[in-house]
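J.: Here's the letter readout for the chains.
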Amino acid sequence: MGVHPRAVALAVPGRPDRACEDAASCSLQQDAVVLADGLGSAPMGSLGSHTAVNLALGPIRDALHAGLAPEHLAKLLADLWERETHGDRDVATTCLFAFIAGDEVVLGQLGDGLVLAIDREGQEHRLPAGRGQFGNHTEALPRGTLHVARHPAGSIQSVLLATDGVSDDLIPGTEAQLLTALVQIAREQGTDALQTQLESWLTNWRTPASHDDRSVGVLMLESTDQEQGR
Amino acid sequence: MSLDDFVLPTPRPLPVIVLADASGSMHGSKIAALNAALRELTQDLSDSTTPQGEVHLGFVVFNEHVDVRAPAKASEVVWQEVQANGQTRMGGALDAVRELLEDRERLPPRAYTPTLVLASDGAPTDHFSRALKDLMASERAAKATRVALAIGEDADVQVLRDFVGNVEIPVIRADEVAKIRDFFRWVTFSVRTRSKSVNPDASAVAPLVGFDQDDLVF
Chain A
28 MGVHPRAVAL AVPGRPDRAC EDAASCSLQQ DAVVLADGLG SAPMGSLGSH TAVNLALGPI
88 RDALHAGLAP EHLAKLLADL WERETHGDRD VATTCLFAFI AGDEVVLGQL GDGLVLAIDR
148 EGQEHRLPAG RGQFGNHTEA LPRGTLHVAR HPAGSIQSVL LATDGVSDDL IPGTEAQLLT
208 ALVQIAREQG TDALQTQLES WLTNWRTPAS HDDRSVGVLM LESTDQEQGR
Chain B
7 MSLDDFVLPT PRPLPVIVLA DASGSMHGSK IAALNAALRE LTQDLSDSTT PQGEVHLGFV
67 VFNEHVDVRA PAKASEVVWQ EVQANGQTRM GGALDAVREL LEDRERLPPR AYTPTLVLAS
127 DGAPTDHFSR ALKDLMASER AAKATRVALA IGEDADVQVL RDFVGNVEIP VIRADEVAKI
187 RDFFRWVTFS VRTRSKSVNP DASAVAPLVG FDQDDLVF
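Protein chains in written order, with my numbering: chain A, 28 to 257; chain B, 7 to 224.
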């Protein structure tokens, strides 16, 4: 079964008067989404998040397309990170991603936040969050464990990525419904409309006194068989 | 259905739990001063929605019994005065607070790191050492920031130092009852400072301004 991917990713600052330390991006081909939450406790959190996104969308994704087995991603990410940051401990970030590589969807999560995939049977697949015991405690690059999962591309319908500024404020148990609602907006109104609505939603966040930066990524995999059938 | 319907309408909790000694030795001016200080703490934190979350205030009062008043929005908490009597079940109080901290329904993972405040004038009469060991062995409970007040000359400062477990945070002595209030004002200041911080978990306690060096036991 072939798939036609579409993707949306964006990050907004938690406070309008502060720079956003989250980073979010998707590939030009819309087959990859990456989010990173630069740690505010690290002096150069913003640099960290942008470095992680660039590494994930660049050499990490290239390596997957070249046939690197996903189980080697953690070592590759650690090595690339060391090379880029020269071991600077002032740079720390989480990293969440969803890639289509060949005939697989590869999901990755290092640190807190949410990586949720829904398959075509409606089943949820989550990666373990490397979070601490309370809010704002998380694993992060350069340390921490990268959790990776792979699924046949044809089996996955959509993937939601969210940094903790979003995931911690979601009503527990409603995450899959949220993803379904986002996919529905994209189907009915297009990805530009989804991007616009997400930006408004994240900027005018409902939770009071919540000033974490907020990022969301959505990867949607339309079956080309379905498209031809319509 | 709006996207807002998936988002919690409540701020992230910033929990503060006071473990208050109400044993018989606190009888008289000490328990009166403690009641007054905790009433003031409750009132001062009642304006509890801050730039980074919402202060939730709870109490564990211990003497012959252990009375748990689970954390709630500080704006909804009213301090119920306590009477001094009986023994000092400090170990029982630690057990109770550990159970509270491990309860993810009462203290969800989105909550900021809790602050525990222990105020006592004596020595525990129960299984304090084992209870402290259990507290520190709890992955969740051990993360809490801990501060302590030694009331009067008979307070077991070493027990309180063991509770704090941080060489950078001293036990504060209050040999005069007026200093009990100063301590809880400092607690209020610390909580308010944290709640306004960009990262509430990075600033555990406020600077120790206004205390005599003799009152600080590192």
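Keep in mind the hints are simulated off the structure, nothing from the lab.
Nothing here was measured: the structure is a model prediction, and the numbers come from that model.
Glycine included, C-beta positions come from ideal geometry on N, C-alpha and C.
Treat each hint with caution, since some may be false.
[As the list claims (entries may be wrong)] Distance windows between CB atoms, simulated: (1) 108(B) with 178(A): 52 to 62 Å; (2) 71(B) with 164(A): 46 to 56 Å; (3) 84(B) with 105(A): 46 to 56 Å; (4) 144(B) with 150(A): 50 to 60 Å; (5) 224(B) with 45(A): 34 to 44 Å; (6) 172(A) with 16(B): 29 to 39 Å; (7) 215(B) with 45(A): 43 to 53 Å; (8) 55(A) with 7(B): 53 to 63 Å.
J.: Each of the hints needs a verdict: does it hold here or not?
T.: Right, here's what the structure says about each hint:
1. 108(B) with 178(A): 52 to 62 Å: Violated, since residue 108(B) and residue 178(A) (Cβ atoms, about 34 Å apart) do not stay within the stated range.
2. 71(B) with 164(A): 46 to 56 Å: Because 34 Å falls outside the window, the suggested range is violated.
3. 84(B) with 105(A): 46 to 56 Å: 53 Å, holds
4. 144(B) with 150(A): 50 to 60 Å: The hinted range 50 to 60 Å is violated for residue 144(B) and residue 150(A), with Cβ atoms some 34 Å apart.
5. 224(B) with 45(A): 34 to 44 Å: 36 Å, holds
6. 172(A) with 16(B): 29 to 39 Å: Holds - the Cβ-Cβ distance for residue 172(A) and residue 16(B), about 31 Å, lies within 29 to 39 Å.
7. 215(B) with 45(A): 43 to 53 Å: Since the Cβ atoms of residue 215(B) and residue 45(A) sit about 28 Å apart, the hinted range of 43 to 53 Å is violated.
8. 55(A) with 7(B): 53 to 63 Å: 32 Å, violated
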